[in-house]
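Please take these sequences and the hints and turn them into a complete structure.
Here is how the chains run, residue by residue.
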Amino acid sequence: MTESAKGPTGLPEDIAALSFEQAMGELDSIVRELEQGTVELDRAVGAYERGVALKRHCDVKLRDARMTVERISIGPDGAPSTSPLDGV
Amino acid sequence: MTGSSPIHNLPELSVSELSGALKRTVEEAFSRVRLRGEISQPKVAGSGHCYLRLKDDGAVIDAIIWRGTMNKLSLRPEEGMEVIVTGKLTTYPGRSSYQIIIEDMELAGEGALLKLLEERRRRLAAEGLFEPSRKRRPPFLPHVIGVITSPTGAVIRDILHRVSDRFPRRVLIWPVKVQGEGAAEEVVRAIKGFNALPQGGAVPRPDVLIVARGGGSLEDLMAFNEESVVRAAAESTIPLISAVGHETDVTLIDHAADLRAPTPTGAAEMAVPVRMDLLAQMGEAGGRLEGAVGRLFTDRSMRLEGLARGLPDLDRLLADATQRLDEWAERLASAPIRLLEHRALVVTQTAARLRRPGELIDRKVQDLTRISLSLDGAMTRLVDQAERTLSQVSGRLRADRIITQVDQGRRAVGTLADRLVGWGQRDLARRAERVEALGARLESLSHHRVLERGYVVVRDESGRVLTEAKAVTGGALLSLSFKDGERSVRAEGDAPPTTPPAPEGKARAPRKAADKGQDRRQGDLLDGL
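From first to last, the protein sequence lines are chains A and B. For the first sequence, the working numbering begins at 1 and goes up steadily by one. For the second sequence, the working numbering begins at 1 and goes up steadily by one.
These are calculated hints, taken from the structure and not from any lab test. Among these hints, one or two may not hold up.
What the hints assert, rightly or not - Some chain A residues judged to face chain B by a derived CB distance under 7 Å, without partners named:
id: 1; residue: F20
id: 2; residue: L27
id: 3; residue: S29
id: 4; residue: V31
id: 5; residue: E35
id: 6; residue: T38
id: 7; residue: L41
id: 8; residue: K55
id: 9; residue: C58
id: 10; residue: L62
id: 11; residue: E70
id: 12; residue: R71
id: 13; residue: I72
As the list claims (entries may be wrong) - Taking lysine to any residue pairs in the SDA-like style, the calculated list, with each CA pair at most 20 Å apart, reads:
id: 14; chain 1: B; residue 1: K177; chain 2: A; residue 2: R71
id: 15; chain 1: B; residue 1: K364; chain 2: B; residue 2: V346
id: 16; chain 1: B; residue 1: K192; chain 2: A; residue 2: D77
id: 17; chain 1: B; residue 1: K135; chain 2: B; residue 2: R231
Claimed, not checked - Under 7 Å between C-beta atoms, here's a sample of chain B residues computed to sit facing chain A:
id: 18; residue: P168
id: 19; residue: V171
id: 20; residue: M276
id: 21; residue: L279
id: 22; residue: L289
From the three backbone atoms N, C-alpha and C, an ideal C-beta is built for every residue, glycine too.
In structure tokens:
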């Protein structure tokens with residue numbers, strides 16, 4: 001497996017840049033490929049590693065489930081700013 | 001009624017006094033009217049007041065909407081709009097005109113409003129604002145959701161609730177008025193404001209926008225039919241979900257939005273996936289990944305093991321070879337001895353086969369004797385056989401067969417000669433008969449038969465047959481042949497050749513002499529015979 005640059009999350013940067021949907025799609029195709037059992041062992045190791053990284057990336061995205069609600073208000077200079085909105 | 005200056009009991013009024021009186025009268029009499037008409041030439045002046053005219057088939061009236069009223073109206077005056085206005089009449093003394101001050105304005109009937117909307121929709125569609133190719137798919141899992149709606153009320157609660165249920169996210173609310181004066185402008189500002197947020201700025205830029213409003217009357221929803229709102233939605237670079245009114249209400253923003261949700265809750269469902277589902281899916285994917293790669297390794301190691309089992313055992317391979325080596329070594333050690341023994345044996349056997357010379361000579365003599373004996377016998381047998389053959393051949397060589405053949409030949413010749421003689425005699429007789437017969441036939445055809453019928457053949461001295469009278473010269477000696485013999489006669493005188501033939505000259509039979517026509521042919525015929 002080629003050495004990918006590692007991002008701050010410890011994931012290869014190309015994976016960290018993927019959207020959840022892209023990562024999930026790629027993970028799905030890796031799983032399918034491995035399940036067919038026709039992958040060469042060397043490549044299977046690389047694919048597995050990438051699959052694990054993709055899954056971790058997806059897990060990170062799924063863990064990041066914070067609900068914050070903010071209200072936008074426009075300052076006198078016309079610049080928008082946010083303030084927490086409570087009581088909804 | 002006299003005098004040059006008429007006496008007036010009417011007070012003299014100034015124009016202003018009259019105008020003021022009129023104004024009072026009009027304003028009192030028409031302090032509140034409902035008026036239906038079609039808007040014509042609406043103009044918003046710099047002051048913010050709106051000047052327009054209302055007209056129908058037969059009349060027209062000037063109208064004014066003060067700036068303060070304009071902001072409260074639910075619709076903008078447009079050319080040709082059929083409206084019902086409420087207001088009061090007043091006059092404008094400076095221009096000698098009267099006009100209506102509009103305080104409220106509504107469309108004349110829902111049909112007219114729908115017609116207006118349909119026309120607007122068609123115009124915007126023709127511009128391509130609603131093209132399917134403009135639609136973008138919102139991200140599967142947005143980080144930030146921008147919601148443009150009223151900050152209070154059920155709509156925002158429904159949205160937040162559903163987002164929280166499915167997948168808690170960061171939600172930015174841009175509060176706006178959703179109906180009445182200024183609502184459209186606020187919505188436009190909010191859409192543009194969200195789009196103007198820079199990526200990675202202090203206020204995060206949303207991945208998806210939701211423009212929402214609860215149900216209401218057609219007039220209540222009018223802000224979302226405004227052209228400016230529709231254009232802002234179409235131009236938004238952030239994917240936009242519209243959720244205005246109930247499912248049955250269709251506003252123009254719905255056409256321009258990238259997705260149209262039937263309800264605010266529906267919009268939240270379109271914006272975020274269900275986290276629990278995804279977690280389950282990821283768990284399953286992880287399990288499958290582990291399982292697949294595990295199976296892959298198990299499978300490979302099993303195959304490896306199987307192949308290894310197929311490899312022959314090294315010890316046994318060596319043992320075989322060692323055994324063979326030992327055997328060969330042993331055989332190598334004993335080989336010289338066995339070789340010597342073998343050679344000795346060969347020598348002994350060869351020596352045993354050797355004969356003494358005397359013995360050999362005796363055997364050769366015996367052989368020679370045997371051969372000479374058999375040679376004698378063979379010679380005798382050959383001679384005997386030749387003799388036998390000769391006597392057989394000479395026995396078969398005998399003359400009597402030839403004599404018999406000669407006799408047979410002779411007899412055959414005799415018979416043939418007899419047959420030849422007999423055939424000759426018979427043939428001669430046959431020929432004689434035929435000659436005779438032919439002679440008889442010849443005779444029957446000869447002139448003699450004619451002579452018998454009385455004709456005579458005349459010949460000259462040289463024996464030539466004369467057939468013409470002119471050939472007979474006078475004194476010529478003629479020979480006449482009758483059937484029974486000849487007589488010589490002499491022709492008379494020397495008649496010229498042209499003289500008709502004398503009856504005696506031609507010596508024809510008396511019956512036929514006068515038959516001139518037939519003469520010549522008859523003669524020719526006879527000559528031919």
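Would you settle whether the hint for L41 of chain A is holds or violated, based on the nearest Cβ-Cβ distance to chain B being less than 7 Å?
-> With Cβ-Cβ at 6 Å, under 7 Å, it holds.
Are K364 of chain B and V346 of chain B close enough, with their CA atoms no more than 20 Å apart?
-> 27 Å, violated
Hinted contact C58 of chain A with chain B - closest CB pair below 7 Å | Check passed: Cβ of C58 of chain A comes within 5 Å of chain B, closer than 7 Å.
Verify the interface restraint on E35 of chain A: the C-beta must sit less than 7 Å from at least one C-beta of chain B.
-> 4 Å, holds
Have a go at the I72 of chain A hint: is there a Cβ in chain B nearer than 7 Å to its own Cβ?
-> 5 Å, holds
Please verify that hint: P168 of chain B, Cβ, nearest Cβ of chain A, below 7 Å or not.
-> 3 Å, holds
Under the criterion of a CB-CB separation shorter than 7 Å, is F20 of chain A in contact with chain B as hinted?
-> 4 Å, holds
Return the status of the interface hint for T38 of chain A: holds when the least beta-carbon distance to chain B is below 7 Å, violated otherwise.
-> 10 Å, violated
Hint check: 7 Å Cβ-Cβ cutoff, M276 of chain B to chain A | Violated: closest Cβ of chain A sits about 9 Å from M276 of chain B, beyond 7 Å.
Mind checking the alpha carbons of K192 of chain B and D77 of chain A for me, to see if they're no more than 20 Å apart?
-> Measuring from Cα to Cα gives roughly 16 Å; hence the hint holds.
Below or equal to 20 Å on CA atoms is what counts here, so check K177 of chain B against R71 of chain A.
-> Given that 20 Å is the threshold and the Cα spacing comes to 14 Å, the pair holds.
Given pair status - R231 of chain B, K135 of chain B, alpha carbons within 20 Å | Holds, at about 14 Å.
Of the numbered hints given earlier, the model fails hints 3, 6, 15, 20; all others are met.
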